[in-house]
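Participant: Listed below, chain by chain, are the residues.
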Amino acid sequence: MALDVMAASSQVQTMAGALAAQAARMRVVPGFAAELLRTWHARSEEAQAYLEGLETGGIWPFAVPLEPLLSAFSVRGEPRDYAVMATDGSQIDADSHGMVRCLLINVGWAVITYGVKPHAWLSSRPTVHFRDEDLYREDEDGQQREMGDQMLGLLRTVAELERLADLAAEWREREDLVAVADGNLVRWEFGGRNAGSARTALLTRYTSALARFRRLGVPVCSYISRPNSREVANSVSLLALRDCGHTSDRCSQCAGRRPPLCESLRVLNDAQLLTHLRSGQRSALFRSLAPILQNYEAADRVLFCYLKLEDETARIEIPRWAAAPEYLSRVLSAVYGQCLRGRGYPVVLQEAHEQAVIHGPAREAFRRLVQTALVGEGLEPAVSLKRLSKDLRAV
Amino acid sequence: MSDGLVPVGEVIAVSTAHFEAQSYELNQSPSFGSLVLTHGPDGSGHFGLCSGAETAGIEPGRMPIAWGAADDDDEDIYDRQPQLRHVLRTTFSCVLVGYLGPQGALLQGMPSHPPRIHERVWQAGDAEIRAFFVSQQYLRFLLRADLEHVEDLIAAAIGHAYRAHGGDRAYLVGAGRAVARLLAGDHERLSAVLELLASAEERR
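As they're listed, the protein sequences go chains C and G. When the count follows the numbering used here, it moves up by one through the first sequence with no breaks and lands on 395 for the last residue. When the count follows the numbering used here, it moves up by one through the second sequence with no breaks and lands on 1204 for the last residue.
All clues stand as given, with none of them false.
Only pairs whose alpha carbons sit at most 25 Å apart, straight line, appear in this in silico SDA-like list of lysine to any residue:
| id | chain 1 | residue 1 | chain 2 | residue 2 |
| --- | --- | --- | --- | --- |
| 1 | C | Lys-117 | C | Glu-170 |
| 2 | C | Lys-117 | G | Asp-1071 |
| 3 | C | Lys-117 | G | Asp-1073 |
| 4 | C | Lys-117 | G | Gln-1081 |
| 5 | C | Lys-117 | G | Ile-1065 |
| 6 | C | Lys-117 | G | Asp-1079 |
| 7 | C | Lys-117 | G | Ala-1066 |
| 8 | C | Lys-117 | G | Ile-1077 |
Here are some of the chain C residues that sit facing chain G, going by a computed Cβ distance under 10 Å:
| id | residue |
| --- | --- |
| 9 | Arg-341 |
| 10 | Glu-351 |
| 11 | Val-357 |
| 12 | His-359 |
Since the hints were made in silico from the structure, they are not lab data. Beta carbons are placed, not taken as given, at the ideal position from N, Cα and C, and that holds for glycine.
Only chain C is shown next, with the shape it has when bound in the complex (with noise of 0.2 Å):
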């Protein structure tokens, strides 16, 4: 047997205790964020003021609300007539055990439109990368080194976001269009302190597409399903710090409690704060603060909201000028009619991931693809020892 589980077993108790406790010293904390997110609601400005000239939140990100804390805007019902376009990627990963290094990223889209002509185009397209520049990247010592997953992640991030961005060229005439990407946009992998120049070229790559967007004058958003950010949780903390009159990381209010209520108000996460919304509300705007934003363009930095569903809360990141109230309206629309339509989750993301994901069989597929055209070149596909050995696992 592989894992021993008896020897576990004991251990995972042993963690059902602590997350016990644990629930039970923070029991106190939701209404004790319930009350902060009242009088902070209640002095938005104030807020809003402070927490714009704060150099920095400490290690924890934080973010800016644009309206009162508690709002909670009604999203209109979708319109008759609207089109909805998404784009989502997998992948088939540079295996270096395998015949040969090369990814292959497939990019499937889903356009659908609604109304007097309903209609849907879904479709998918590969790309195979072999290349020595797709596959390797110099590191900080000028070194050329295999990409790791994350950076292969990065490239069909960058993929997905440039064919969305050539639908929204394609569809532009469409007054009623809305482009949804899944995921964030405020991409906080592509930063780091020793970004090196591969990561760097595709930032740019990434930041270009999405200015596209604004220049085609069709406004995208994404979508993120069970958010686990805790930017206006930060905030909130950072907030009651301030009020309790010190500067330092201790709270009078609180004294003899570890950690104190304030730090305590990270165990809760944005969705899990904001318990006021109903289903169909939106919550109030936040600018995002990531550092990565400082290298998008000022207009498509990013601001989110939280959307209430029947089930869930999601996430909404949006570029500056697509949260103007004339844009801004038709995408919470659009995303609300699609979730409605999608028992919880946009269709038009659930049938892009749909286009783009890559079954068994046909991974299968493309290694035959693989093999045999090296062999019909007269190359002779070597297969890794170690590669054998875990298809084998000979006893």
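Could you slot chain G onto chain C? The hints should help.
Facilitator: Only chain G this time, still in chain C's reference frame:
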């Protein structure tokens, strides 16, 4: 051979005595028991009897689910969810019952080769039906094909042929006699078919 006929689908799977086709139109398929035909560029032709239809997701693992709720408007679900036309497909199964012989004769019997995949499937018109069903030998194939609803299929096939013969009672009686000869040893099945044929005559 297919001039003036309506194309209904494309062959997607073949075996010796059977082929399967995907309908061009979602939720449309040839009627149960109706005659369809294919023909290849080499002049070959095959005849099949539609023995069943199915609508399901195109991708493996995608199951149709209920999208609506009890109190929805009557708006067509396919307009409300336009992507459904692209992720569902209707397929129909056919028993091979004949082929195009020399000089274009329509022959009942097992063809030497099944049709090719991706050949178009046409709904047979009355003229082709009358020409094909001059005899009832095809009934042997149906009985051998180990089909679930063979009594219903036999009755439906005869019913289609009867209507193509303009409701000629003599044709129906002749077909009934052929069934009686074939199923002489299986009284239960024979009764079932004859009852179905009787109600086919009433519906005419």
